[in-house]
Amino acid sequence: MSAGLALFAGLAGAVMHFAGALKAVEPLAQLPIDLTVLGLAATVAGLVLLLAAREVALSPWLGPPLLGCGLLWLWWVVASAWSPWPASATERLRDILLLGPLMLAAGMLLGADARARAGFMAATIGIGLVVGLSVALGLWRGSLVLGGEVGRDPTRLRVAYQIVGLALACAGGLVALRVTQATGRARIGWGLVLLLLGALALLPGGRAAFLALLVSVAAGPALLFLLQGRLGAAALWLGAVGVAGGTGLAALWVLPALSDQLATLERLLRPGPALDSARGQLWTEAWRLGGWAGLGPGGFPPAIGVGLDRGLHPHNHALEALVEGGAVGLLLWGLTFLGATGVALRLALRVAPVRAAEVFAIGLPVALSAMVSTDLGNRMVWFTLGLALSLGVEARARHALPRHV
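With the first letter of the sequence shown counted as 1, position 126 gets the number 139 in this note's numbering; the numbers rise by one all the way through.
In short, the hints are calculated from the structure, not lab data.
Some clues are possibly wrong.
Derived DEER-like restraints, expressed as beta-carbon distance ranges [stated by the list, open to error]:
1) Ser156 - Gly242: 42 to 52 Å
2) Gly318 - Ala135: 46 to 56 Å
3) Leu351 - Gly258: 25 to 35 Å
4) Ala127 - Ala195: 42 to 52 Å
5) Ala263 - Pro45: 44 to 54 Å
C-beta: ideal position from N, C-alpha, C; glycine also.
Modelling step: build the complete structure from the supplied sequences, incorporating the hints.
Below, the structure written as C-alpha cells:
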C-alpha cells in the first residue's frame, strides 16, 4: 500500500509542479477547479500519508542552505517594514513565506522516497510529451495563442510559452538519461522520443527554455557518466550533443521558410531589440536601486515609475533579491541557492549516480529560468530547491511495531 501511495505522491507532485504547462492542454484548462490547487492538495495529502509510513533522516550538510532559507524569509519580513507599498508587499510575502516553505518541504520529501521520485520523474516525461503535442495540435488548429496580454483574444486559449518550454526541457533531460541507460531497441525508442521533444520545443517560443533543454540534455548524462567514473563517455556525450544540436540549428537556419514558422527558433536567432533592451534597462535600474537594505518586497516597479505592475520586475532571481532585500538580501540569497547548489554537488557523490543525475537534469532548466523569467515567489523554484536538497534526505519504511499479546 505504501508503494502505491508513494507513486501517487510522485504523480501528484509532477502535476502540481507543471500545472502551468498542463493548462496549455485545452481539456485541462477548462476544468472547474484550478489545476494548481488540485495538484497541491493531492501532493500535500499524499506526502502527509507517506510521511506517516516513513522514517526520515537528514544529512548535516543540509544545515547551511536550510539556515539560509530561514534567514532569507525572516529578512523579507523585516524588509517589508520599510516598503512604502504595503499592498504589494503583502502579496509578495504571501508567495514567499507561505508557498516557499511548503514547496521546499514537498520537494525534499518527494525526492527522498525512491518510489515517489520514480513516479515524479516518469510523470514529468509524460507531461512533457502531452503538453508539447497539445501545443502543436492547438497551433495547427489555430486555437492557441502564445503569450500576450491575458484576455486579449478570448476566442483562443492563452498559453504561457515559457512554462511549456520548461516542461519540455525537464522532460528532455530525463529522456536523455533514459537513452544512455537503455540498450537495443529501447535505446532507439528513447532516442526518437528525445528527438520529438526537441522538435516540439521549437514551437512555443521560449528561448531560455530551449537553451535549458540543450543544457539539460547535455549535462544530465554527462554528470551520470562522471559519477560512474566514465570520463571518456562524458566527453563523448557532450561532443555528440553539441554536434547534433549545432547541425540541427544550422539546417533550420538555411531554411528560412521553415524557421520563420518556429517561434522558438525565430526568437533565438532573430531576437527582438525592444525586448532585450527593456530587460537590460530593468536590470540596470535594479543594480542602481538595491542599496544595503533594499526597497522592500514589491518595491521595484513603483520605484522606477511604473506603478504596481508585477510584470516589470527584473525577473532575475539574484537581482530581485538585491533590489528587494539589498546587499543583505543578496548575501542570504547566495547562502540559500548557491549554497544549496554546492551542497547538492557534494551530496551527489554519496547517492546513487542515477538519482543525482535525474535531480540535476530536472533542476538545471528551472535554475536557468530563474535567472531570466521568474521571481522570488515562484513555487517551481522552491520545489526544485527542495528536490536538490533531497539528495541529503533518506526516507525509509518504518519498522513494524512488535505485537503484544
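For this session: With 44 to 54 Å as the target window, see if Ala263 and Pro45 comply at their CB atoms.
Result: holds, 47 Å
Exercise. Between Ala127 and Ala195, is the Cβ distance one that fits in 42 to 52 Å?
Worked result: violated, 20 Å
For this session: For the range 25 to 35 Å, tell me whether the beta carbons of Leu351 and Gly258 fit it or not.
Result: holds, 28 Å
For this session: Starting from the range 46 to 56 Å, see whether the pair Gly318 and Ala135 falls in it by beta-carbon distance.
Result: Given a distance of about 48 Å, which is inside 46 to 56 Å, the answer is holds.
Problem set entry | Range hint compliance [Cβ, Ser156 to Gly242, 42 to 52 Å] | Roughly 50 Å apart at Cβ, these two residues keep to the hinted range, so it holds.
The structure fails hint 4 only (numbered hints given earlier).
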